Each structure stands twice: as C-alpha cells, then as structure tokens.
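S.K.: Below, each chain spelled out in residue letters.
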Amino acid sequence: MSGVVAPAPTEPTGRSDRTSKSISTAWSRPGSLFDRFYDLPLILVFAAMVGTVGVFHPEFLNRYSLTNIGTEAAYFGTMALGMVFLLSMREIDLSVGSIFGLTIIVVASLVERGVDPWLAALVGVMVGPVLGTVNGLITNALRIQTIVVTLGTLSVYRSLALILANDRILENNLPTQDSYFQVLGGTILSVPVSIWMFLVLAAILHVVYRYTRFGFNVRAIGSNPEAARLAGISIDGTRLSALILQGLLCSIVGVVTFAYLEAGDPITGTGFELSVIAAAIIGGTALSGGQGSVFGALIGALIIATITTGLIQFGVTQDWGLFATGTAIVAAVALDAFLKRRRIQAAEKLGVTATSSGRHYQLPGAGAPLTPTQEDPGAGSRP
Amino acid sequence: MADSNVGSGAGLKGGVTGPIIELRGVTKSYGAVAALKGIDFEVRAGEVVGLVGDNGAGKSTLMKVVVGAIQPDDGEILVDGSHVHFATTRDSRKRGIEMLFQDLALCDDLDVAVNFYLGRAPTQFGLVRIRRMHALAREKLEELGIRLPSTRSPVRFLSGGQRQSLAIARAVSFKPRVLILDEPTAALGVQQSKVVLELVRNVRTTNTSVVFISHRLRDVLDVCDRIVVIYEGKQVANLLSADTSLEEVVTYIVSDPDATRPSARVSSE
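Protein chains in written order, with this note's numbering: chain A, 3 to 385; chain B, 629 to 897.
Hints listed in this document are in silico derivations from the structure and should not be mistaken for laboratory results. All values derive from a computational prediction rather than experimental measurement. Hints are all accurate, no fakes.
Derived contacts from chain A toward chain B, CB cut-off under 10 Å, selection only:
no., residue
1, Val209
2, Arg212
3, Thr214
4, Phe218
5, Ile223
6, Asn226
7, Ala230
8, Leu232
9, Ile235
Using N, Cα and C, we set each Cβ at its ideal position, and we do this for glycine too.
Taking the hints into account, I'd like the entire structure generated from these sequences.
M.R.: Spelled out as structure tokens, the structure:
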C-alpha cells in the first residue's frame, strides 16, 4: 500500500471527487437518465427490498407469495393511480375507501336480489363516477377544498353502504358459479384478474398522465393554478374529471374485489384512503402538486405490499407492519426531497440560476393526522 | 421642452393608418382617489410605446382599462377606430390585445415546451405529440432569437431573464396586435435585461406593437419609439425617443401640471 509512487494518493482522490461530481450532475441534469426515468430510484429501492427479503427468505420469492404481494397491492394500488392525478393538482380524495365499499354493497345487494351479476357489475362501475361527480360538484359549487368535502363524503358514503347492507355481510344466495365470479375472481394465465386489472389500468393511466392534455393540465394546475387559468385551462372541469376518474377506479376495484371475495361486507375498504395516498406519495407524487408518476404509484403500492407481507415472512406482527409502512413513507419522501435538492444544486453549478418556485400553497389540513395511524402522509414531509 | 412633444396622431414612420388602440378622456376613481383623470393614449401599428411615470401615476391602471381587467368610469376606448367595451380580458384578447402581468404565468414544474403550449399542446388521436411540441417550441423561440439550453428543461431551472423571455414568447405566439408588458425587466440584472430588451425589439418585427411599462428609463429610451409620460393620472408628455433625453423624461415624470401653485398641493396632503 505504502509502496505506491508519491502523487498516486492525491490523484485518485482528485479523480474520484471529480467523478462523483460529474455523476451527480449527470443524473441531476434536465434530460438526463434520472430526469427521463423519473422512477428509477424508486425501482432500485423496490428491487433492493425484494432482494434483501429474498436473500434471507428465498421462499419469499416463490410464485405464491409474489402473487400475494401483487394481489394486495392491486386493491389500493389501482386507486392510487387516480390519486396521482388529484395530488398533482393539489387535491386529495379521502372518500376512496368508502366509494370502494359502497360499490361492493351495491353490487352485492343487487346480486342477492337476483339481478344478473354482470348487470350488477355494470351498475357497480357507475357508482364511483356518480359519487366522484358529487364530490366534484360540491367542491366546485361551495368553493371549498376537496379534502374537506371528501372528509365529509367519506362518512356519508360509508353510512350509505351500512344502511344499504342493513349492517350485515351480504353473502346469501350468491350465484358463485356465475361467470362473473369465476372470471373476475379467477385467474388469467395463472395470474389473478385483480393483478391484470392493476397492470392494464396503470399502463393506460400512465399514458393519460404523460401524453394527454388532461395529464398536462393536471400538472399545470398543481404547479401554478393562476398560470393554468390564464392559459384557458378549466380548473373546475379538470378537478371534476379527476374526481370522476378516481371514483371510476374505486368502483372497478370494488367490482373485481366482490367477485373475488364472494361476500359484501359494508366496512370493506375502511382506512384505505391512507394506503392509497401513501402509495402515490412513495411513488414520487408531490403533495404540493405539479409532478407525479402513475408508474411510481404502482411501484409505491408494491413497496407497501412487500413491506406488509415481507414482514410477515420475517415473523413480524401486523402492528409492527404499520410502523414499517409509516417509516417507509417518510424515508421515501425524504429521499425524493434529497434528490430534488441535488438536482437544483447541480443546475446551479451548471450556471443556471434556479429561481424560487413562488409557491404559496399549503395543503389544507395535510399536517393534521386524519386517524391515529402512523400513515399520516402530510406531516411536513415535503420541503 | 414642449416642442419635442408629438401631437396626437402626428406622423410616425409608417403611421399612415389610424391607431390600433385609442383612448380618449378615460377616467377612473377609487372612492375619493382619482387614478386616471381624463387620459388620452394611443398605440399604432408596429411601434414600441414606453409608458412611464412615478409610482401610482396610473400606468398599470391605464393598461388594465385597455385590456378590460378594470372598467373605466368615463371616456372612450376605440380599437381600429370603432368604440369597444371590454368586460373581461377575454374580450380584449379576441381583439388581439394581450397583457403580460408582472407575476409571471409559468409553471415551474413543467418544461419549456409544455409551458409554451400550456393548455394547447398539439395532439393527435388525443395524445400530445411530444416531439413535435418540442420541435415547434424550439423553432418559435429561435425565431424570436431566444436561446435556451433545452426545451425539456423545467422552467424552475431557468434564469429570470430566460423565464421572462419564455413568457413573452408565449404571449407573442398568440399573434397579438398589441402586447402590453408590465415591468418586464424590473426583477432582472443588467445582462438579463439586455436579453429581454433585445427580445422586445424582435417582437416588433413580428407586426406586434408593444406597450412597455417600466421604471427603468434607460431601458425605455433604449427600446421604445415613443414615450408617454403620465403624472397623477394625466398624460403630461408624448415624446419621440429619438428627439428626447433621459433628463427631459425625468423632468416630465416629476413635473407638476399645477406647479404654479405648489402650496395648494402641500396643504391638501
């Protein structure tokens, strides 16, 4: 070691310093790999997680438990795809779990009364858009925040589900041999339909988010509502569309879930809103609006599902599972914030002055815990 | 001093046609405070008009009246010689009058091209043609002599001058007949101001007239064909840049039409 020629120690240090700097600028620069593959760090985190669990518990990587993770992620993950649009325009829908639950009850009670399951499913898929429209119209008419409106409709929709179900689990006289239960509750190419639903909707909505005017408008509104308005973008109209989309996703999940569970419990989906928001945030969607990623939400949901099922593999109990999920949210957001600061610093080094974003908006009530869990997504986690 | 004043409608180069915008005796009061006291103002085709005056002289108020952001109490507004009433800025935009406000209308999180085409991105089968959008944006920016590192760079990473240039280029892309710029260089350094001033000159070549509101008299003298000075809601001078000087403009800015009885003003305060 000590036998090396004199200048050698200084040269590598100098080079490594330069290299690390150029690496940090390389993936921080606009248009760079990191910039184009917004979700790259997230994918790496997910891969590392699966890898770590796999090393200690190789059985974790078998088909059965991977399917488990996928199925679990599919339920709240599909709803998180819609939440990406809402968060991107600085809105939050808290009524997702209730819309999901009410859809199940609507379909279940129709099927119990002898309505054809496919027809009932069709009605079920319309429940969400209708409830989303209600959320949107109230928000637009009263000029109050969506988070407040949906905090109310969260209870109202849940209450409707309980009333409709007469406070019992709907599982009588269900024609479970009907193709509806067999197809939607079954598998395609030995992968559960719920996972297919998740993947297909994620692909479609990724395109909608990144390549349609609606997707751009959502981000423009979240970034600078005044600029969006001056550019002729209808904020009310976009908000309504995003809430309808969110409702539609909740109902699709509801229809598929009922086919799988073959029972309609009116409390299904209680507290789902927090997992849904968490998946979107872990996926890199900013609470402060302006940017997000549908694909990231998919990975975010998978990360949450991996933590919960992975921990069970490690023999950790459910209570600690929530702890881990909460920690993961803060860690993911902290990492995201760190990377963004690095990007701004790198941009400054390139001789470009980063101007302040001029953002005045604080998400109303985001800092206040909604229910006493550690999944509170708001708590000052954004820079 | 007064001999360099241009009479209303006096021959400017190419000024054969009538003015695009003409204001006659416009007044606007907020309660007891008269912001505009019967002001005349006009913008002709292809000219850059500087609008200067002290703080509270009524520059911004006047321009907001022009675009319909606020309603005058009295007076006439004519566009192409016929009377108009602009209830909102949308009405004035339809007649080709665009105003860029001080607070810039850009989305920091979105890139240059997306901002340029905010709310009107080129689509095909419902999908935004991203490559085409970037190519078009680059082309349009280069036409105006704006050089940016990349149209894919988020606006957050642009300098103040670059942001201002992008905002102006965006406004120009609507092909307005008159573009009103409210203090476009106020927040910029010398070097960045130069870029924006150069852009204003380039805008003129696109057949867009410009109204340039500024406190920076050197910038105004530099870029404008004509300078209108307003003082306490009245036009006190209408000068050709070529025939005037910084000193003369300053004299008008601080001038008091009632200078003969200064005591009257002091006592009223």
